[in-house]
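These are the residues of each chain, in order.
There are 2 protein chains.
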Amino acid sequence: MTYCVGMKLDKGLVLMSDTRTNSGVDNISVFRKMFTWQVPGDRIITVMTAGNLATTQAVISQLEERTKEPENRDNALLKSPTMFQVATEVGNLMRGIISERQDANGAKGRGRFTASIIVAGQIQGMEPRLFMVYPEGNFIEASLDTPFFQIGETKYGRPIIIRGYDRHMSLEDGVKLLMVSFDSTLKANLSVGLPLDLQVIARDTFEAGHQHRVTHEDPYFQAISSSWGDALKNAFHSLPDYAFLKRED
Amino acid sequence: MTYCVGMKLDKGLVLMSDTRTNSGVDNISVFRKMFTWQVPGDRIITVMTAGNLATTQAVISQLEERTKEPENRDNALLKSPTMFQVATEVGNLMRGIISERQDANGAKGRGRFTASIIVAGQIQGMEPRLFMVYPEGNFIEASLDTPFFQIGETKYGRPIIIRGYDRHMSLEDGVKLLMVSFDSTLKANLSVGLPLDLQVIARDTFEAGHQHRVTHEDPYFQAISSSWGDALKNAFHSLPDYAFLKRED
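Protein sequences appear in the order of chains A and B.
Residues in the first sequence are numbered from 0 upward in steps of one, following numbering that gives the first Met the number 0.
Residues in the second sequence are numbered from 0 upward in steps of one, following numbering that gives the first Met the number 0.
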């Protein structure tokens, strides 16, 4: 499995991904799932991937190649006039790779080889944008109503984001929120694993801001992980107590 | 979907289930998923069901019939000498109903009609016990290491139980913990819905203790639901803050 989150705040974008891939619980590996292309001062584009690793690696490799031969391509990431076109490009590429593999495997391939991708970034003169791209190649964009996207093992870490999110929060608090969300997920699902990749894209900087790899030894993540249990218990005890007598029916 | 939790505390058992069944999001209904049989002073047995509704209703109906004709049955719930035998009975019954339906539908039936059941209770002279019964008819028992079982949509509500559980907590706090877990699940998955059924089985009472149906108008559940958001935010802000400068790499 995988867990990646992209979150849109007023001050920019906060992105985090795990690095575990598995084929059964007895075959796990570490693979980076976050990839960035940038032209400092002009644009920064980051994608995070979940799903079939052969598919997502093929998507990334082909995106890389296109960035290296811009003169031969009209649709290279680094030349796309908008983030919308970047998401379209990623979607078409992924849909093509998935359907090629499925066709080659006939009935056996149906529903396999799929993947999902979060596309985030900002291009000079435009707003920061955040998309979720489906295996079919279509995509949706984050809005004020749904300001974050998760892919992979999304459930364990979702309640705290729903409750903790505030579009006005600082980028640092955004990082803290995702650390807690990842901690809850790591505690519940072995197929999501450390290290984590973190990237912060501050609005109107057009370059990768803070980047960090969170390992087992990371003191901040350790502090979050150990103090969140106590903080949750305190939160729990701060709630009104239940009483049997008054409520018997 | 469904969400049911059975939790074992030193002071007894706390059980909670939702009542939503759905066949697509455009076809939802309310069905009770918690069923109790008791002989006050001798035993109390409660089961909670998840999965195919036709299967679980058949299991419950057949268990009901067996309780009504004890003289013709050696294996009636109300005569079983141990909770282990109750779980065995429930498992065999469910496995039989599922495999009958699957056989009748051939290849189309494979993997369908399945269900899971939580069996909880206490019989005079023995400890309170809690089992999770699988569609195959086998089952596992809760222990000190894994003192609670969830069936249905288990993921959203799991992190708070993992962090909040304490075997020494009062039965009232157990109820509060499950209220929070259900609130997180209800907020995230439409296929889990109010009203909720709550039952508390205090140790060595051998009867249904506190029972309650939690509706939309329930003031306690409303208070938990609205104050948990604030409590979580406070917990979040009590954690150490993240700082970019020191951690840049």
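Derived from the structure by calculation, the hints contain no laboratory data.
Incorrect hints may appear among the rest.
It does not matter which identical chain is used: a pair holds within one copy or between any two.
Said to hold, decoys possible - Here are the simulated SDA-like pairs of lysine to any residue, each with C-alpha atoms no more than 25 Å apart in a straight line:
#1 K186 <-> L143
#2 K107 <-> R212
#3 K10 <-> S22
#4 K232 <-> L143
#5 K67 <-> S237
#6 K10 <-> F235
#7 K186 <-> H167
#8 K107 <-> E206
#9 K186 <-> N233
#10 K186 <-> P218
#11 K10 <-> G40
#12 K186 <-> H236
#13 K232 <-> Y164
#14 K232 <-> V24
#15 K10 <-> A242
#16 K186 <-> E216
#17 K10 <-> K232
#18 K232 <-> L77
#19 K232 <-> D217
#20 K186 <-> T214
#21 K186 <-> E140
#22 K186 <-> D240
#23 K107 <-> D203
#24 K78 <-> N51
#25 K10 <-> F243
#26 K232 <-> A222
Bear in mind the structure is a predicted one, so any value in this text is a computation, not a measurement.
Results for each hint:
1. K186 <-> L143: Between. Shortest inter-copy distance 18 Å satisfies the 25 Å Cα cut-off; intra-copy 30 Å does not.
2. K107 <-> R212: neither (38 Å within a copy, 48 Å between copies)
3. K10 <-> S22: neither (38 Å within a copy, 42 Å between copies)
4. K232 <-> L143: Classified as between: cross-chain Cα gap 19 Å, same-chain 31 Å, threshold 25 Å.
5. K67 <-> S237: neither (56 Å within a copy, 46 Å between copies)
6. K10 <-> F235: between (31 Å within a copy, 19 Å between copies)
7. K186 <-> H167: Between copies only: 22 Å across chains, 29 Å inside a chain, cut-off 25 Å.
8. K107 <-> E206: neither (43 Å within a copy, 54 Å between copies)
9. K186 <-> N233: Both. Shortest intra-copy (19 Å) and inter-copy (22 Å) distances satisfy the 25 Å Cα cut-off.
10. K186 <-> P218: The answer is within: 17 Å in one copy meets 25 Å, while 33 Å across copies does not.
11. K10 <-> G40: Result: close within a single copy only, 17 Å intra versus 63 Å inter.
12. K186 <-> H236: Cα proximity of K186 and H236: in one copy and across copies (22 Å, 21 Å).
13. K232 <-> Y164: This pair counts as both: shortest intra-copy Cα distance 20 Å, inter-copy 9 Å.
14. K232 <-> V24: neither (31 Å within a copy, 35 Å between copies)
15. K10 <-> A242: This pair counts as between: shortest inter-copy Cα distance 15 Å, intra-copy 44 Å.
16. K186 <-> E216: Only inside one copy: K186 and E216 sit 16 Å apart there, 34 Å across copies, limit 25 Å.
17. K10 <-> K232: So K10 and K232 pass the 25 Å test across copies only (20 Å; inside, 31 Å).
18. K232 <-> L77: neither (48 Å within a copy, 39 Å between copies)
19. K232 <-> D217: Classified as both: same-chain Cα gap 24 Å, cross-chain 24 Å, threshold 25 Å.
20. K186 <-> T214: Within. Shortest intra-copy distance 15 Å satisfies the 25 Å Cα cut-off; inter-copy 32 Å does not.
21. K186 <-> E140: between (30 Å within a copy, 22 Å between copies)
22. K186 <-> D240: Answer is between; shortest inter-copy Cα gap is 21 Å, intra-copy 27 Å.
23. K107 <-> D203: The answer is neither: 47 Å in one copy and 56 Å across copies each exceed 25 Å.
24. K78 <-> N51: neither (28 Å within a copy, 53 Å between copies)
25. K10 <-> F243: between (47 Å within a copy, 14 Å between copies)
26. K232 <-> A222: So K232 and A222 pass the 25 Å test inside a copy (16 Å) and across (18 Å) alike.
The structure fails hints 2, 3, 5, 8, 14, 18, 23, 24 (numbered hints given earlier, in ascending order).
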